[in-house]
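Chemist: So you can see what is in the structure, the chains are spelled out below.
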Amino acid sequence: MTDKEYLEAIIREQTIAQGSEEFKALQDQRAKVEKILREHFGSSPAIREGGSKAKHTMIRESYDLDILCYFLHDEENAGSSLKEIYNNVFSVLSDSYIVERKRSALRLMDRDDHEHYTHLDVIPGRYADETKQDVYLHQENGEKERLKTNPEIHINHVRDSGVRDAIKLIKLWKVRNHINAKTFVLELLVIKLLQDKREVPLTEQLSHIWAEFRDNNDNLTVDDPANPEGNDLSELLNDSVITRLSSVASNTLKQIEEFGWSAVYGAVKEDAESLSDRLREVASTRSVRPWSSV
Amino acid sequence: MLQPALSDPGAVSKKKPWYIENPDSYNTLRREVENIFPELSFVERVGEVCIEGDLHILDNSGKVLYRFSIRVKLSEQSPRGLPTVWETGGRIPWERERHMNPHDGSACIYLPEEFWYENPNGISISEFIRGPLTGFLINQILIDKSENHKWLKGEWDHGENGIIEFYAEHLGTSEPNNILRCLTMLRKKDTKEIKGHWLCPCGSGHKLRDCHRLNINELHKRIPSEVTEASHTKLKRAVQELRNSH
Ligand SMILES: [Zn+2]
Ligand SMILES: [Zn+2]
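Order-wise, the sequence lines are chains A and B.
Position 96 (the first sequence) corresponds to 96 in my numbering; numbering is contiguous.
Position 3 (the second sequence) corresponds to 3 in my numbering; numbering is contiguous.
To be clear, the hints were calculated from the coordinates, so they are not data collected in a lab.
Where is the CB? At the ideal position from N, CA and C, for every residue including glycine.
There may be inaccurate statements among the hints.
No farther apart than 27 Å at their CA atoms in a straight line, the calculated lysine-lysine pairs in the DSS-like style are these [unchecked claim]: (1) B/Lys234 with B/Lys221; (2) B/Lys14 with B/Lys236; (3) A/Lys4 with A/Lys35; (4) B/Lys15 with B/Lys188; (5) B/Lys73 with A/Lys4; (6) A/Lys24 with B/Lys63; (7) B/Lys145 with A/Lys4; (8) B/Lys189 with B/Lys221; (9) A/Lys254 with A/Lys192; (10) B/Lys14 with B/Lys234; (11) A/Lys132 with B/Lys73; (12) B/Lys221 with B/Lys236; (13) A/Lys4 with A/Lys192; (14) A/Lys132 with B/Lys16; (15) B/Lys207 with B/Lys189; (16) A/Lys83 with A/Lys102; (17) A/Lys148 with A/Lys83; (18) A/Lys269 with B/Lys63; (19) B/Lys236 with B/Lys192; (20) A/Lys192 with A/Lys148; (21) B/Lys145 with A/Lys269; (22) A/Lys174 with B/Lys63.
Pair by pair, the computed Cβ-Cβ distance ranges are [to be verified]: (23) B/Trp94 with A/Glu235: 43 to 49 Å; (24) A/Glu273 with B/Glu193: 53 to 59 Å; (25) B/Ser25 with A/Gly19: 22 to 28 Å; (26) B/Pro102 with A/Ser80: 57 to 63 Å; (27) A/Ala46 with B/Trp94: 23 to 29 Å; (28) A/Ala46 with B/Gly90: 34 to 40 Å; (29) A/Asn141 with B/Asn22: 21 to 27 Å.
Stretch by stretch, here's where chain B covers chain A in the computed footprint (C-beta under 8 Å, at least three residues) [claimed, not checked]: (30) 15-25; (31) 53-64.
One chain only, chain B, in its complex shape (with noise of 0.2 Å):
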């Protein structure tokens, strides 16, 4: 018989989150992120670290200009590591559109590729807050404010279409089977994996070592396997999907 917990080989090797593995770390971070944000603490709960409270969105001159209420939920891997937010002030709407989960609430800061392809180290928590999560919230009011706001920097499409309009920016296609043949590649524990003579999957036709081998290593020295592997598998879903429709 199977036994659920038992089926998940993922589930048996987790390791365990770095706040529990080094609580010195995890004490510094606490004592950091307490001083700089008045209004924000941590609160441990069974399975998870949030930090929550009122984040001060201030002028360049340090002037209060607007109050949003916030948890975020701390990254299991690493301290530096992408965290999940939630908005719990009730301003801005679950919605797709407003980048927020309809399921969970939660906000949709980054596309993981880009996070980890930006940040190659990741970012300190108090980093993240003060500039990608501030940005994020900002851009919330100016949408409600004005309903033809544009995301300051842009903004992806959803689900696997913005996974693939990431991989179009890097390899120069936007054909879903090309990038799917892409994140395979990533998949691969070492760079050396990566064969110089394979097809590259751009869908040039040349190989890889006379085409985007620089992009490919690139991306495979920035983003780690987790986020590949879990773009891969949303990925060939959709593609499947896609396919069984026809």
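Pulled out of the complex, with its shape left as it was, chain A reads as follows (with noise of 0.2 Å):
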């Protein structure tokens, strides 16, 4: 197995896929956070997917599904002000989870099962005025007391970037080695990192990305891509958190010189019968015969 492989094996193992019981749950958890919202809300906020989800960066060791839920601009429905908003929507929440109110999301965990989380983080905010492009939420311990936004630049921005694979692994690392870096700006980071880097080989992105970790930690900045002179993301990648950072990277290199990828990631189950086998097996009943209109 070479080390591209491997990474492509890792990444296989790491994801969520169609019809898998993850997927499944998630699913139906998601149905039912709308229909509790929808039953006191009525149809008027628009309800969508965000976080990794809709980014298509979900790793099963780690993930979660944001639901977005924003009131037009003109409704008082669920109040008047961005607190209220944010205050209604968790006690309608509460009658059926236990609800942990984080800075501007509603994370939800299981009420007869407290420590579980159901991997749902409610969003509620309002939208800005009617062209329902950018967002104001509530901040619930920042220094303002709103946050504007634009959760579609946000969702576009890692989706299409050219370099979920490796957005994907360096969020398993993240998660692996316990860094407490907010995986929004790791996201952020590692598409800056590799701007000029979308074609190398994977490999080559990660060792990049952790060279960068540890040696130029002075440049490790981002932007807000939806508000970039607006938000302050600098204190969500202030010095401990690069300290972190740049020291698992030096020892994750480390690691690879040594002890080659497997290091990292750990080994992958390799199955007995062969790829193209099982590949004949699924196409069998699926191939048809193609054509060429030229």
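Since each chain sits alone in its own frame, please combine them into the complex, following the hints.
Modeler: This is the structure we're talking about:
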């Protein structure tokens, strides 16, 4: 197995695939939350998916589904201020879940099993105007009481980055090494560092990112693509986060040099039956005769 | 003076795509597809709607065997029509021999005639992705792994030759002029306009009613007229070119 094949295999193991238990559970949870929100707030709020699901960067070891619930800019159904909206959504969800107040999100825990995170965060907000582009979010504990953002830009920035595989593997690396950095900041960092390296092999992309974390930590800054001037992300990428990224990266690079890539993500289970045989089995009932118009 | 936009009568009378005419069924479809495929999502652009992202190829136990980056452009005619597909991860070369259009990289998964003949009511987009598209992509991997790989259900020849092969299976003749006559019949709006006393296009010399009437009826019933129209144009051009070269 080459290093490239190894990393491909790791990503496959981390893929939440169609029809999988995790995915079904996530869809059920999502439907349940949407039903609750609709029962209380009617048809007017826009309810849609965000987070790693919408960005196509979910990994099995740590995934979440953000449910964005945005009220129209001139609607007062859920409250007139952003804080009221946040609190009203909180209390509506509290009938069915243990709800934890995050900065702008409401994290849902199972009522029967308090330790159990449902992988669902609900993010209430309000559209800034009729165009339904920019959104204002309440901030529970931040410098500013409200945050202006644009979910569409954030999602597209990651989804269309061309480096989603590197993002997935860096997220897995973060989880495995218990690095306390915000995922969305890490995503922005990966995209920025790989700006000119979209076409190079995944192994090279990751080594480059880690080398930058290790050697270049003065330059580890990111801008919010939805609001580059307005939102300062430097607090999320503070000295302690950078120090941690740097030291784990340095260690990771040493391990690759000494023991190879499997030291980073562990061994992959190889199946006895060959890939070709299994592929042929799947294709046997689905093949049709291809053509070519020219 | 000829106005380019009006010179094509088809362009004037062109129907709006179904997803614009019927936003409710579009939203239902979108929700359905995004609920099935975790890493595919709808992207709406001016003039087209595409499904983009990663498609996971699973084995029968649900394990991910392979991943492909794809773009699937919805048919404008119907939610159950034949979509256009691109592989966007650069894994399949744009070659005719690989059934990829060398000009724009689109994948030739189906001969349109066969698509409609096998699925007279079309197929839903998620069935299409799970079925024929997945089969097509797997065959592509198997070709990469072994040069001797044969397409599991066979393959059609390129361009008009593939069209001829298709009708030959239904009429028992591969003579281009006969197929062209068959396509002329199939272009008729109503089956009743295809008269039983006409000569059968198979070349037997018999009247249609005594020969391939049922086959022609079946083809006419299942294959939409846009498809036979396009094949007719393509084949007619090829036959004329052949004549001119002699
Ligand atoms: Zn050829
Ligand atoms: Zn006949």
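Chemist: So, against the hints stated earlier in the document, which numbers end up violated here?
Modeler: 3, 5, 27, 29
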